[in-house]
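Enquirer: If you're matching them up, the sequences are chains G and U in order. The first sequence: position 57 = 57 (my numbering), numbered continuously. The second sequence: position 363 = 363 (my numbering), numbered continuously.
One or more hints might be untrue.
Unchecked claim - Listed below are the simulated DSSO-like cross-link pairs for lysine-lysine, each with C-alpha atoms no more than 27 angstroms apart in a straight line:
#1 U:275 - G:144
#2 U:271 - G:136
#3 U:25 - U:58
What the hints contain is simulated information worked out from the structure, not anything from laboratory work.
The primary structure of each chain is shown beneath.
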Amino acid sequence: MNYQPMKEGLTHLEASSLQQLQQNSEQALAMLMRHYYADLYNYAARFARDEPLIKDCIQEVFISLWQRRETAGSIFSLRYYLLRAVKNKVLKALYYNDRKTGLANFRDDYDFFHEFSIERIIIERQISEEKAEKLKRTLALLTKRQKEVIYLKFYQHLDHGQIAELMSVSRQSVYNLLHEAIQKLRNLWHTEFITR
Amino acid sequence: MKDFRLFDITDFVLDEDFIRWVYEKKEEDEIFWNNWLRQHPGKHLVIAEARRILESLKTAEFAIPDHVVSQEVDRLLQTIRDQHEPAQLTARRRHTWRYAAAAAIAILLTVASVKYISFGGKTGSTRMSYASLTADRRLIENVNTSNTPVHLSLPDGSSIELAPGSRIGYVRNFDSSGSRDVYLSGEAFFDVARIPNRPFRVFANDIVTKVLGTSFSVRSFEADTTIQVIVRTGKVSVSAYNENPDHTPADASGSPDEVILAPNQRLVYEKTAQKFQKVLLENPVMTLSAEADRNMVYDEAPLEKVFSAIAKAYDITIVYDTELLQHCTVTADLRHEPFYRKLDLVCRAIGASYEVIDAQVVIQAGACD
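Throw the hints in and build the complete structure from the sequences for me.
Expert: Encoded structure:
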């Protein structure tokens, strides 16, 4: 059985939209916004819990994309491009008034609000209260950066290289962050699977 | 082509195809993985465990309603149609200006949203009463039945001013237990002795106030609809009471269910809504010595200097667009004026106005020449 990798460069949809964009198609721009809106909003909401700000930032990202549409052909992964642009916009807006602490600081010290939704697994898997409590505690111990890596990997489906660039860390750090998080969960679940 | 037979649990968890199967439950994936498991029956456990890990990592996502997306798409198309190529530069700049203002407000809203925390996760969670909090604890109790505040000293050197009609209790082994816990029904002012590694905690109905060495007051009458905490010096952290008996600091610190309160701030907890709100006191007091006030005479002083002196003196954040207002100067005598009067005078000098949002002051103004 042959498996198509999930994300490698542009999907068919992205490629054809970018092509139409270069030919000044407003409809292609609208289509891309529709397609990515929820994902971009959810990513942005992890830096700032401020709906108007997030919406403005996403608007600006697509305005920029429109303004540079002639060169849109050079975009290798649209998802990565958009996520990165949204992150930069939101962080810049957030730290606009914080010049004194230095713009450099926010690059690695920004917040990342992330909530896991474990209700489903508790119900579907009939997990004991004790186990659920342990799971909550394990997840609560994950660092901001671990949560961000998890989010980008499992929800935005970026590859490790893209995650590294987006977070301004090395690929090795991305791997380490993921690995540590998974190891914690492996330890948590492992007993469950031997005792059953 | 990947050889899944060589995969361990972590490899599966990190594999895009495996992730897609667990998260998206597409039919073609179901078929593939069920087949694969039939061919490799020894892998059931590994697969189950990897699945469980991915399921644990499910995140809470915001659903964006279609009509909201449509609105945003319309707005985008409107903007790019308005931006005719020749006018592009001006349109762009106008946008940036608007954006600068939006950014200043945005910071506050973001801070605000962190502070307005709801504990509504568990619906119908029981409201804690003094009686239920102290039920199985042997306490030393003090009740103030008089009409005047009563002064009490605790074994650790902390002192308490207990308001009329209030009750306070603490454990018999207060001085030897790991944390210094007191239980309050009513209102009290606390002046807490600083002892590293022995947090001082006040349990007042639904909320817990943890002290980082400071003086503050808590008002929590069971008949009231709110619980309030006011800080005089230092900082305190307030969180909702967690029925989990080992309400350990590790659980509370760093979690978003915790609000840090600074001097001149009042925290209001609405019991029914289970919400925290931070507001500034009506008449903030200086947290620095009176000398800071004596220096507040300004002659053509840069605005930034004036604002930072006020902010420091009262430990209150003043937010404004530093770039926009960089050429503003202030000539004013702010000595002996209360906080809000000081703000009025400065704002008048530069033609600005202010608003208090979530215990911070936001200045709205245009640029100075």
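Enquirer: Does each hint hold? Answer for all of them.
Expert: Okay, the hints, checked on the actual structure:
{"no.": "1", "hint": "U:275 - G:144", "verdict": "holds, 24 angstroms"}
{"no.": "2", "hint": "U:271 - G:136", "verdict": "holds, 25 angstroms"}
{"no.": "3", "hint": "U:25 - U:58", "verdict": "holds, 14 angstroms"}
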